[in-house]
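*Asks:* Each chain is listed here by its residues.
There are 2 protein chains.
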Amino acid sequence: MRLRDAGHVVALAGGVGGAKLADGLAQVLGERLTVVVNTGDDFEHLGFHISPDLDTVIYTLAGIANPATGWGVADETWNFMDQIARFGGPTWFKLGDRDLATHALRSERLWAGDTLSAITDALCQALGISARIVPMSDDPVRTVVYSGSERLAFQDYFVRLQAQVPVTALSFDGAASASPSPEFARLMGGGRADAIIICPSNPYLSVDPILSVPGVRAWIENAGVPVVSVSPIVGGAAIKGPAAKIMAELGLEVSSLTVAKHYAAFVTGLMIDVADAALVAPIEETGVRTRVRPTIMRDARDRRQVAEDCLSFADSLRRL
Amino acid sequence: MRLRDAGHVVALAGGVGGAKLADGLAQVLGERLTVVVNTGDDFEHLGFHISPDLDTVIYTLAGIANPATGWGVADETWNFMDQIARFGGPTWFKLGDRDLATHALRSERLWAGDTLSAITDALCQALGISARIVPMSDDPVRTVVYSGSERLAFQDYFVRLQAQVPVTALSFDGAASASPSPEFARLMGGGRADAIIICPSNPYLSVDPILSVPGVRAWIENAGVPVVSVSPIVGGAAIKGPAAKIMAELGLEVSSLTVAKHYAAFVTGLMIDVADAALVAPIEETGVRTRVRPTIMRDARDRRQVAEDCLSFADSLRRL
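First to last, the sequence lines map onto chains A and B. Here the first sequence stands for residues 7 to 326, numbered as in the working numbering. Here the second sequence stands for residues 7 to 326, numbered as in the working numbering.
Treat the hints with care, since some could be wrong.
When chains are identical, the list treats them as one kind, so a pair holds in a single copy or across two.
Stated by the list, open to error - 25 Å max Cα-Cα, derived SDA-like pairs, lysine to any residue:
no.	residue 1	residue 2
1	Lys100	Ala132
2	Lys100	Arg115
3	Lys251	Gln168
4	Lys100	Leu116
5	Lys251	Gln170
6	Lys100	Asp88
I should point out that these hints are in silico values taken from the structure, not numbers from a laboratory.
Same shape as in the complex, but just chain A (with noise of 0.2 Å):
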């Protein structure tokens, strides 16, 4: 059997690198996929509830995210923000009109008391999508970035500040009271995963807070089946955020080998990119197998292929 004809797969996604491979999977493997989502970068603003990664990987398997900026919907106005500006309100964070919607229908929703999975449902339902999306949590978890002394809430620090200040350290507040998400902890409980792949997110800002809710790391670590990811990083640098930057600033070397070191406790396979086959060999030398193919993602065909070539890696991984 193999994986894409058949099997059960669970991605771990970030923002917009993720939801790309996120994306080939569910082209691939549809309703067999299930997507969890980090939750860290969730924050009130302007009387929303905002959940950026979930809506970057909603619109994304949808079809309708905005392909210029990866975020956002296509064929998006900008009337609401421009009226808040006329107001004095604040334009930092970006909310397109049809972008509203979604805040808008999840907002109410929350404080009518349903939870974060349950809405995600809803909107992958009305959209369409065939894959299952879900909130790594449905209780509050914030990513906190430090700059030395300063404490950044995440969206302070990534799209106000266009994360133009040094990362000294990262907490994720509420991780150690969370529960994982109902359909996440029936996976991890039991329900079939006949691979698990963390997706090419960011490793500290996206990946790491799905690993901070209790249990998860256990369950990837003792999960008895492949656990592949690819690399977010290519030739010394990521291919969109700041992932190479915060490696740097934390005192690490902007290479698939410091991932490679960051995941090796329970990551069975790293799919590198063709710019960095010179690493296989200290990558491997960490336990961890590593598979060369080009990873960038620029269309649908893209991702498909990088989604194939990243289930026939675990397909290989899972007969050894």
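Following the hints, complete the assembly by docking chain B onto the known chain A.
*Replies:* Chain B only, in chain A's frame:
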């Protein structure tokens, strides 16, 4: 002293018709005008607190109202609403993309504990409105429409059902325990009001809720200043909205005479349209003085003229 040159005027207003006269009065009086606005139409929708009459008055006095509808903002777009429809959300209450900025900012501040009065002040300042616009109360008062045994929240009646069911009774829930907003209370407690104008709003749906706030009716009756209203009924029909329909449903004659009788206890003068000149004698028999003028306001000049006529009518009543 003529009111147009000195003196402070308090106007009571509801939605579109009331906003037009309020705009005319604001053109003449500027910061010497306080508009007290009905909040019985306020409701929660899609997670927003929406104050339709406040918004109509604010947008109209700011010169950004949608000239075609009377409500909402000019140059509006509807992409939020399109996306809500795509998600299967409620679309019966139209929220434009620009208009949403008002709802989001107001809601966020309300949830944070600010008063509707303080938020209204801030919105008016941001839009450069020199007149003072105040909600009738910062406490929730909710107009409820009864149609036989059916009990309808106001916007369900007015927007969702397009006022297509017969009104048999009205109530203003919460009114008995509501206080006038601080600035309204200040005016009622001895602040300067040289005349009180009741705008051509729906007497039952827009003005009665204001009068239902404890102390308001007694203040108007005992203010000792001219109380002038402009009839919203012209030639046996309402200029806009269901005022005439409701009169008929309540078994009343659809006429400015009915308006005069409704307000007779406290109105000293009723301005009626030239189309209704024949009603002067029967109205004056109720103890209400009349003035006959064109009252239909099609453009900014009409609004100013009706406002001037209204103020000179009040001047004449002061001199009696």
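*Asks:* Each hint needs a verdict: does it hold in this structure or not?
*Replies:* Checked hints:
1. When the C-alpha separation of Lys100 and Ala132 is checked against a cutoff of 25 Å, the pair qualifies both within a copy, at 24 Å, and between copies, at 20 Å.
2. Within a single copy, Lys100 and Arg115 get their C-alpha atoms as close as 22 Å, and across copies as close as 19 Å, so both meet the 25 Å cut-off.
3. Within a single copy, Lys251 and Gln168 get their C-alpha atoms as close as 12 Å, which meets the 25 Å cut-off; across copies the closest is 57 Å, which misses it.
4. In this assembly of identical chains, the alpha carbons of Lys100 and Leu116 lie at most 25 Å apart whether taken from the same copy (21 Å) or from different copies (22 Å).
5. Taking the closest pair of Cα atoms, Lys251 and Gln170 come within 25 Å of each other only inside a single copy of the chain (9 Å); across copies the shortest separation is 62 Å, beyond that limit.
6. In the homo-oligomer, the alpha carbons of Lys100 and Asp88 lie at most 25 Å apart both inside one protomer (10 Å) and across protomers (19 Å), since each shortest distance falls under that limit.
Checked against the numbered hints above, the structure violates none of them.
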